[in-house]
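Chains as they are written, first to last, in my numbering: chain A, 6 to 149; chain B, 6 to 149.
Please note: incorrect hints may appear among the correct ones.
Since the list gives no way to pick one copy over another, a pair counts as held whenever it fits inside one copy or between any two copies.
With a straight-line Cα cutoff of 25 angstroms, these simulated SDA-like cross-link-like pairs (lysine to any residue) come out [said to hold, decoys possible]: (1) 108 / 48; (2) 53 / 117; (3) 108 / 44; (4) 108 / 33; (5) 53 / 124; (6) 53 / 17; (7) 108 / 72; (8) 53 / 126; (9) 108 / 56; (10) 108 / 74; (11) 53 / 137; (12) 108 / 62; (13) 108 / 78; (14) 53 / 105; (15) 53 / 79; (16) 53 / 109; (17) 53 / 73; (18) 108 / 30; (19) 108 / 85; (20) 53 / 29.
Derived from the structure by calculation, the hints contain no laboratory data.
Since this is a predicted model, take the numbers as computed values, not measurements.
Protein chains: 2
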Amino acid sequence: MSTPESLRGVVRGLHHVAIVVPSIAEARASYEGLGMSAGEPEYVADQKVNVLVCMAGDQRIELVEPAADDSPVAGFLARRGGGLHHLAFCVDDVAQAIETLMKRGLRMIDEAPRPGAHGTTIAFVHPGATGGVLMELVEEPDGH
Amino acid sequence: MSTPESLRGVVRGLHHVAIVVPSIAEARASYEGLGMSAGEPEYVADQKVNVLVCMAGDQRIELVEPAADDSPVAGFLARRGGGLHHLAFCVDDVAQAIETLMKRGLRMIDEAPRPGAHGTTIAFVHPGATGGVLMELVEEPDGH
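Using the sequences and the hints, build the whole thing.
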């Protein structure tokens with residue numbers, strides 16, 4: 006990688022915004038009405054959710070619906086209703102990012118990288134470290 | 006403008022993500038720790054808030070703290086604690102966007118454009134139209 010050492014392990018862009026909705030089928034008309042383009046929902050087994058990727062220009066917005074009562078987002082939906090769930094940021098190297106953030110005193114939910122959807126490697130930062138915002142770090146399989 | 010008629014009045018990118026925090030002074034270390042660059046907070050009189058713009062690569066993230074007890078975000082903070090507040094999307098023409106969205110059945114908070122910060126023109130979409138997400142439409146003074 007050509008990233009200078011001083012910039013490693015930190016976010017370098019917004020990967021996606023995740024929005025929890027009760028029903029992708031009901032929500033997609035609004036998001037398409039706003040002018041976003043969407044494909045077809047995909048089932049993500051690890052989280053027991055269906056995900057619809059909507060593109061607002063170049064920006065990826067993910068609509069997430071629970072696919073089972075014990076899905077991690079089912080509780081959020083029951084407690085808060087649908088809404089903004091988390092921000093995911095691009096990093097070059099999740100392991101390095103975790104090390105850097107912990108050295109800087111930021112609390113992590115995942116203190117080691119774990120597999121995400123589509124071959125990505127991810128880790129979640131604890132919302133207590135960011136003023137109440139759940140944040141995901143995403144390393145793409147090609148390092149971008 | 007060179008935008009085709011069929012694409013007018015719709016979002017063409019993410020302008021910013023707004024995050025409400027109890028204290029910008031306390032939050033900025035975490036956001037800088039994540040690798041975002043930040044300038045100095047600015048007071049936005051219309052909303053009675055202070056705003057700190059943080060850049061995650063090219064993406065603008067705005068930290069918003071109430072500057073008065075009757076600030077529109079003070080209630081959010083009291084009710085929910087800090088967290089994700091709204092998404093703002095770029096549009097070429099807010100008036101046209103409002104017309105298009107209302108024709109498509111999306112409920113608006115602002116049925117007419119109003120002035121935003123820094124010479125922008127804005128309108129808010131009702132969260133009931135988007136599955137619980139407050140969305141702002143932003144037209145930059147130069148039309149971008």
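Do the hints match the structure? See the list:
Proximity of residue 108 to residue 48 under the C-alpha cut-off of 25 angstroms is found in neither arrangement, the shortest distances being 35 angstroms within a copy and 32 angstroms between copies. When the C-alpha separation of residue 53 and residue 117 is checked against a cutoff of 25 angstroms, the pair qualifies only within one copy, where the shortest distance is 21 angstroms, while the shortest distance between copies is 41 angstroms. With identical chains, the CA atoms of residue 108 and residue 44 are at most 25 angstroms apart between copies only, with a shortest distance of 23 angstroms across copies and 40 angstroms within one. In this assembly of identical chains, residue 108 and residue 33 lie within 25 angstroms of each other by CA distance solely across copies; the values are 16 angstroms between and 41 angstroms within a copy.
When the C-alpha separation of residue 53 and residue 124 is checked against a cutoff of 25 angstroms, the pair qualifies only within one copy, where the shortest distance is 17 angstroms, while the shortest distance between copies is 44 angstroms. Taking the closest pair of Cα atoms, residue 53 and residue 17 never come within 25 angstroms of each other, the shortest separation being 28 angstroms inside a single copy and 31 angstroms across copies. Within a single copy, residue 108 and residue 72 get their C-alpha atoms no closer than 37 angstroms, and across copies no closer than 32 angstroms, so neither meets the 25 angstroms cut-off. For a Cα distance limit of 25 angstroms, the shortest separation of residue 53 from residue 126 inside one copy, 18 angstroms, qualifies, whereas the shortest one across copies, 40 angstroms, does not.
In this assembly of identical chains, the alpha carbons of residue 108 and residue 56 never lie at most 25 angstroms apart, being 33 angstroms within a copy and 27 angstroms across copies at closest. For the identical chains of this complex, residue 108 and residue 74 are neighbours neither inside a copy (37 angstroms) nor across copies (36 angstroms), given an alpha-carbon limit of 25 angstroms. Taking the shortest alpha-carbon separations for residue 53 and residue 137, both the intra-copy value of 24 angstroms and the inter-copy value of 21 angstroms come in at or below 25 angstroms. In this assembly of identical chains, residue 108 and residue 62 lie within 25 angstroms of each other by CA distance solely across copies; the values are 21 angstroms between and 36 angstroms within a copy.
Neither within a single protomer nor between protomers do residue 108 and residue 78 lie at most 25 angstroms apart by alpha-carbon distance, with minima of 30 angstroms and 32 angstroms respectively. Taking the shortest Cα distances, residue 53 and residue 105 never come within 25 angstroms of each other, neither inside one copy (30 angstroms) nor across copies (35 angstroms). Within a single copy, residue 53 and residue 79 get their C-alpha atoms as close as 10 angstroms, which meets the 25 angstroms cut-off; across copies the closest is 35 angstroms, which misses it. In this homomeric assembly, residue 53 and residue 109 never come within 25 angstroms of each other (Cα to Cα): the closest approach is 33 angstroms inside a single copy and 32 angstroms across copies.
Only within a single protomer do residue 53 and residue 73 lie at most 25 angstroms apart by alpha-carbon distance; the minimum there is 6 angstroms, versus 42 angstroms between protomers. For a Cα distance limit of 25 angstroms, the shortest separation of residue 108 from residue 30 across copies, 20 angstroms, qualifies, whereas the shortest one inside one copy, 43 angstroms, does not. Taking the shortest Cα distances, residue 108 and residue 85 never come within 25 angstroms of each other, neither inside one copy (33 angstroms) nor across copies (29 angstroms). Taking the shortest Cα distances, residue 53 and residue 29 sit within 25 angstroms of each other inside one copy (14 angstroms), while across copies they are farther apart (36 angstroms).
Checked against the numbered hints given earlier, the structure breaks hints 1, 6, 7, 9, 10, 13, 14, 16 and 19 and satisfies all the rest.
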